[in-house]
Amino acid sequence: MEPLRFIAEDGGRADRLPFSVDELVRGYRAMVRARFFDERAMTLQRQGRLGVYPPYKGQEAAQVGAALALAPDDWLVPSYRDTGAALAHGLPMSQAILYWRATPAGWRYPDDLRVLPFYIPIATQLLHAVGVASAGRFQDEDWVALTTIGDGGTSEGDFHEALNFAAVYSAPVVLLVENNGWAISVPTSKQMRNPRIADRAAGYGIPGVVVDGNDLTAVWHASREAVQRARDGEGPTLIEAVTYRMGPHTSSDDPNRYRSADSTAAWEARDPVARLRTALGAMEAWDDEREEAMVAELTEEWQAAVREADEAPEPEPQEIVEQVFETMTPDARTAWEVLRRG
Amino acid sequence: MVEAARSETEAGMRTMTMVQAIHDALDLALERDPQVLLFGEDVGMGGVFRVSDGLREAHGERRVFDTPLAEAGIVGYGIGLALAGMRPIAEIQFAGFLYPALDQILSHLGRYRHRTRGRFTVPMVIRAPYGGGVHTPEQHADSPEAILAHVPGVKVVIPSSPERAKGLLLAAIEDPDPVFFLESIKLYRSVKAEVPEGHYRLELGRARVVREGNAATLVAYGGMVEVCVKAAEVAAREGVELEVIDLETLTPFDAETVLASVEKTGRAVVVYEARKIGGFGAEVAARIAEDAIWSLQAPVLRVAGWDAPYPPFSAIEHHYRPDARRVLEAVRQVLAA
Chain B
1 MEPLRFIAED GGRADRLPFS VDELVRGYRA MVRARFFDER AMTLQRQGRL GVYPPYKGQE
61 AAQVGAALAL APDDWLVPSY RDTGAALAHG LPMSQAILYW RATPAGWRYP DDLRVLPFYI
121 PIATQLLHAV GVASAGRFQD EDWVALTTIG DGGTSEGDFH EALNFAAVYS APVVLLVENN
181 GWAISVPTSK QMRNPRIADR AAGYGIPGVV VDGNDLTAVW HASREAVQRA RDGEGPTLIE
241 AVTYRMGPHT SSDDPNRYRS ADSTAAWEAR DPVARLRTAL GAMEAWDDER EEAMVAELTE
301 EWQAAVREAD EAPEPEPQEI VEQVFETMTP DARTAWEVLR RG
Chain D
1001 MVEAARSETE AGMRTMTMVQ AIHDALDLAL ERDPQVLLFG EDVGMGGVFR VSDGLREAHG
1061 ERRVFDTPLA EAGIVGYGIG LALAGMRPIA EIQFAGFLYP ALDQILSHLG RYRHRTRGRF
1121 TVPMVIRAPY GGGVHTPEQH ADSPEAILAH VPGVKVVIPS SPERAKGLLL AAIEDPDPVF
1181 FLESIKLYRS VKAEVPEGHY RLELGRARVV REGNAATLVA YGGMVEVCVK AAEVAAREGV
1241 ELEVIDLETL TPFDAETVLA SVEKTGRAVV VYEARKIGGF GAEVAARIAE DAIWSLQAPV
1301 LRVAGWDAPY PPFSAIEHHY RPDARRVLEA VRQVLAA
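Protein chains in written order, with our numbering: chain B, 1 to 342; chain D, 1001 to 1337.
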């Protein structure tokens, strides 16, 4: 199975693009916004103004392309690396900063936002996504759930159980594997014998699609089709987006310990943002002037988000024992009093 | 003692086994709330203990259904359903089969309200038959309640009679947070009792005094309550009145009821069928030591499973599960102190 691709790796050639120019510009803006956030988040982390942060540089097309296929009522069930997808599905930048700053205010998302919090236990989120997807059918809602996972996560038992549940119940769920080549330090070749993750879909009797994960249009198109299939009652789809993690696993990781600079450099030439920028330029749909205006807007959005995050109240110690149960237990009540006294 | 939220019509009583009482509660819950779903392995045909007999026929195969044979899947799928508005009731065929789901339970089930600061909750019930005493095959007789009670954000309920089971299960299903509901296999069909018809709820998080006495306090739950009551009846023939407390809800733990009793009797024996070390009875004993040690006339003793797995050897397995004789031995020790 060759990965689906519309725009050549260097951005020079675009064939049979199933998107209007306006859509492409919208997609480009969303992708640049995701990168803008990620790069600045890493800087904030280095300044000690963010906790441990898992960057997604290089994977913006995979994350944003899939999220763009969702309607506002659809759900996103993301892994920890998917801040880019969450931003594209409506998570405000200030909220994302507060989340990675590990501030309680950042962990309660807006009530109308259908994004679940980032998942650290690998592959566990997939089962939740299948349940969320089915819950819509029980309530006569037509929502779809998109869930995301990395290549390493496909080794977990929950990956298998989720695909099987999704298939058996024909759940309206789209499962996106961002195959970025590395599970922290373990390359995909040591993670699995069959390197084509999408092939596994056949084992569950569901469609599997492999796309060039650095071509926004390929991910977006495959996701749009999968979302439509799910909404039409035709069940789940497994999408493998072949991409690359340009940065470290998290802000605490040093990838030079386990992979060569050469392998990373090879992927720089396939950068998803530059690729679409080149393609849009060739279509005369984008130029430096528009780029500058967009960057100015993003800078403003970012600065406002940081300000808002900085103004969030400092958490109080007693918040530790709040929101465990709807009604506080006697033991938690005692602890609450102790913590409040400080 | 059936208090709290009796249904609109005053109902009569009916004689039921524990299985029938639980079936009755599930039937009522499915009837009353369209968001309630019931699922698990073999649940559609009634389940291996026939608890859900006829419920698929009564409520439709959309709401009462079989799952693939995968416990992490059952729990994880249920969490997702609950996050998006449903009231899932998952059956795990035996509590000893729960272990594949521990990641979902430890990492997510009890954490969701906390990590989303109340935005998302998981109003889910996980039912599982537990415990020994009926010569089940290996791994079918485990009592993993202490593992579950150690998980923040989940409630653990273990009923000791048909009447309590029905009211507690209805309360668990209507609770806004996740609840484990462990059902003693030994009690499933061995006990018949009068159970109120119709809907009623019993409060979670409350222990109850099953039998009053002044000589010593026996603390138990689930299948061990009848063992303690039997021991108390034997002791009463010798003029020794034992107080028996049924915890019913392990977490949130009702320390108040236990402490009040120990302050009165000055002696306590905690009885549970799981392995003694690290069992929930250790928490009970520790709490008594922390808050009532000045009332104690004797060390707090525990009667529990030995330091070994529950034995799959049917001819000798009855030596593992505490019985009235072992409870009375411990009682004699605390009375002699």
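Be aware that one or more of the hints could be misleading.
Stated by the list, open to error - In silico contact screen, one side only, chain D against chain B (beta carbon under 7 Å); selected entries:
#1 A1070
#2 G1073
#3 G1085
#4 M1086
#5 A1146
#6 A1149
#7 H1150
#8 G1153
#9 S1190
#10 P1252
#11 A1315
What the hints assert, rightly or not - Here are the in silico distance ranges between beta carbons for each label pair:
#12 D:M1045 x B:M328: 37 to 47 Å
#13 D:P1176 x B:R341: 40 to 50 Å
#14 D:A1260 x B:R341: 35 to 45 Å
#15 D:I1293 x B:A312: 36 to 46 Å
No wet-lab data here; the hints were simulated from the structure.
Treat the numbers as computed from the prediction; the structure is a model and nothing was measured.
All residues carry an ideal CB built from backbone N, CA and C; glycine is no exception.
- prompt: Has the hinted range 37 to 47 Å been met by the Cβ atoms of M1045 of chain D and M328 of chain B?
  reply: Check passed, 41 Å falls within 37 to 47 Å.
Hint check: 7 Å Cβ-Cβ cutoff, H1150 of chain D to chain B: violated (13 Å)
message: For the restraint on G1153 of chain D, tell me whether the closest CB of chain B is nearer than 7 Å.
response: With a closest approach of 5 Å, the G1153 of chain D hint holds.
Hint validity - A1070 of chain D Cβ closer than 7 Å to any chain B Cβ: Cβ of A1070 of chain D sits 5 Å from chain B, so the hint holds.
message: Using the nearest Cβ pair, does A1315 of chain D come within less than 7 Å of chain B?
response: Nearest chain B Cβ about 36 Å off; hint violated.
Restraint check, 7 Å cut-off on beta carbons, for G1073 of chain D near chain B: Holds, about 4 Å.
query: Holds or violated: P1252 of chain D as interface residue toward chain B, Cβ cutoff 7 Å?
result: Because about 4 Å separates P1252 of chain D from the closest Cβ in chain B, which is inside the 7 Å limit, the hint holds.
query: Does the nearest C-beta of chain B fall within a distance shorter than 7 Å of the C-beta of A1146 of chain D?
result: violated (16 Å)
- prompt: Does G1085 of chain D pass the interface hint, meaning its C-beta sits closer than 7 Å to a C-beta of chain B?
  reply: holds (6 Å)
Outcome of range test on Cβ distance (A1260 of chain D, R341 of chain B; 35 to 45 Å): Violated - the Cβ-Cβ distance for A1260 of chain D and R341 of chain B, about 27 Å, lies outside 35 to 45 Å.
- request: Could you check if A1149 of chain D really has its C-beta closer than 7 Å to a C-beta on chain B?
  value: Violated. Min distance 12 Å.
Hint check: 7 Å Cβ-Cβ cutoff, S1190 of chain D to chain B: S1190 of chain D check fails; min Cβ-Cβ to chain B is 33 Å, beyond 7 Å.
Hint compliance for this structure: hints 5, 6, 7, 9, 11, 13, 14 are not met, and every other hint is.
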